[in-house]
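Model the placement of chain B on the given structure of chain A, informed by the hints.
There are 2 protein chains.
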Amino acid sequence: MEKVFASIITIGDELLIGQTIDTNSSWIGRELNAVGVWVKRRVAVGDMWDDIWEALDEESQSSQIILITGGLGPTADDITKPLLSAYFGGRLVVDEGALQNVKNIFRSLNRPMLDRNLAQATVPEGCTVIPNKRGTAPGMLFRKNERIFISMPGVPHEMKGMMTDSVIPLLQKEFIMPGISHRVLMTAGVGESFLAEMIKEFEEALPKHVKLAYLPNYGMVRLRLTATGANKIQLDQELDLFFGRLQELVKDYLVSNTGESLEIIVGRILKSRNQTLATAESCTGGYIAHLITTIPGSSQYFKGSVVSYANEVKENILHVSAATLLHEGAVSEETVRQMVRGALDVMGTDFAVATSGIMGPDGGTADKPVGTVWVAVGNVNKTVAQKFKFRFDRMRNIELTATNALNLLRKFILEH
Amino acid sequence: MEKVFASIITIGDELLIGQTIDTNSSWIGRELNAVGVWVKRRVAVGDMWDDIWEALDEESQSSQIILITGGLGPTADDITKPLLSAYFGGRLVVDEGALQNVKNIFRSLNRPMLDRNLAQATVPEGCTVIPNKRGTAPGMLFRKNERIFISMPGVPHEMKGMMTDSVIPLLQKEFIMPGISHRVLMTAGVGESFLAEMIKEFEEALPKHVKLAYLPNYGMVRLRLTATGANKIQLDQELDLFFGRLQELVKDYLVSNTGESLEIIVGRILKSRNQTLATAESCTGGYIAHLITTIPGSSQYFKGSVVSYANEVKENILHVSAATLLHEGAVSEETVRQMVRGALDVMGTDFAVATSGIMGPDGGTADKPVGTVWVAVGNVNKTVAQKFKFRFDRMRNIELTATNALNLLRKFILEH
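Heads up: the protein sequence lines correspond to chains A and B, in order. Each residue of the first sequence is one higher than the one before, starting from 1 at the first, in my numbering. Each residue of the second sequence is one higher than the one before, starting from 1 at the first, in my numbering.
One or more hints might be untrue.
Any copy, or any two copies together, can satisfy a pair, since identical chains are not distinguished.
[Claimed, not checked] In silico lysine to aspartate or glutamate, EDC-like type, Cα no more than 16 Å apart, as pairs: (1) K382 - D350; (2) K211 - D77; (3) K173 - E238.
Just so you know, these hints were derived from the structure itself, not from any lab. Since the model is a prediction, treat every value here as computed from it, not as a measurement.
So here's chain A without its partners, still in its complex pose (with noise of 0.2 Å):
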């Protein structure tokens, strides 16, 4: 069977001058994947004429399947309908469905509605329309030369519901698609170069349709393992082989055999035991707290957090006491014990893990370098604290901190 390929355009003057940073590929490349189209490439051009046509050019030559996002709003920088429209010829006429569409946006917003906004609904003749449920711009659909061509708005949420509502039902009719698995586990405390000598043999045996990739990410690293082949559920058996095999040899080092994130597992092994958890942050200020309630449903098993960045919080709240504070400092082993015990105690959950560290730029001692972190974790009979040392800028500090201390409340939760 032969591979579907797509390529990914992406248009807009911000993806190059670094003002937006592009999620929209990544995530179509997910969803694409996922029903066995393999991404080529992925493109990234500004809001000109030439760099656009010359893409479209290109990447046709490549890959069957063509999707671009960005450049389709009411406004003079937004070129790319007219582009499309010259370069597969048609004037731009007015699609009833799509006009019928932004009159009903507008109205359901209750806000006048401006002669651009009306232009949204014009389309290429001879295209086909793909409609937009959650905005004004239209998705166009192109056929030339034996390539398929899809022009999507570049808002995220539009995108994304047009190619789950649309564009993937219709290239799984479309395209005869070959099977692609993947398996993800993930590790942590092993660099991964240390990784790869533990696997070598395991790596250089493997038959050449199955692929092993290293993603080493904030301290932890992920081993994923791609296969692609006709059958797919010949594919899922044998890849599950392999995999079990691969989770044997790095168990030591496991964090978990699927790709998600440490939030999720968690909060998967706290739901399951009908338990609860707070947390208690100084130099995190709240992301363990946010990466926590980003998944649906932690109201479950999350009370809540007290982010003490200030000390007199951590006093007044958590109970710290002062002269822990005055002598032992901020960051110390004791505080954050008494910042799991407070929180512990005023939110009343089964879990809690602190944070207490100073995450830089400025704020280092020749004692506590900027990148001195102390975390804990416990319950109402047991805690336990670690130290650990970071070396990065601020904002990787604080995911480093977050993930450390995820993966050691993860392990605390396990063992009591």
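Then chain B, alone, in the frame of chain A:
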């Protein structure tokens, strides 16, 4: 003066199958732009020999500078180095400086070194080594057909260090850069189309070397003016005039005349007035506290947050009345007003902001559907509250709530 163009090639299957969001390209684009290099294209390709080779060929046709990130790790899926060695010619040889760097890093980490770590110090003969102060993989510079190719590791903080310390200074020596200037302002409370109508004449009268872009995001729209030309000083003066006029035109909706985020703006106002802030967060789950504490120096004005996800935490720590929670519910005007008062009280700050809402996907009722949010801000004398209705997914609702809460807070602080 001729424009200097760059292309960015990022390498790695994880970029194409959606396991990683490419933040490197965006950062590189911003840094290049600041010194006058225009990023023409960004291309992401997988760990495939032919695809990388083709990307090098293609990008060197349109750009004088080709920056490459990724694929330099110590594991078998990292094929960039042998490929560069084949592409530019030259055997792989040990670089003494790079070897010393690898040894120093392992010594400071107190970890044993493996052969594959030592192999990190090999580079294609004839390349210029760019030191990596933060990791083991050296950067490499090649010249071919009057093009400059620079390969860097994909680990963001290593790449950033290399760009700042070596690559940017090197490019500035190599090329005479034209001037590129940007001005960005941020608006809130007005749609993209309405803004476009308000500034239509202004936009149409702009000279050809000045471009206007609309960047909508989370209920706010940023407007960016970009000018290019030979004389940077003249350009800045000219752009300041246009920018002044633009600010005047949108003044009713102007949030700031910088591209800065609301948490930076709020922080600066608080610092200048020597005042303090606390947050009391239910539905935002600590996200507002997180945004505020990502800013270095935020401990000067931010005392902390009570993330009161469970009602008992609202009652016990923030002293929201049980009767209010029972009769009005957690998502109500009275609850967020009491949360503000509670936060001011227990954390002793000048200002507080509170949020409570239903973020989805579950938890909505006919009365209070998913996306219903109450926000309140206040000081000891006065509290104001506002209701919002969002219609997106959980993460987007959290972000929209945080943005609107910070904007409400900004306005309240400036008025009191």
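Query raised in the report: Which numbered hints turn out to be false for this structure?
Result: 3
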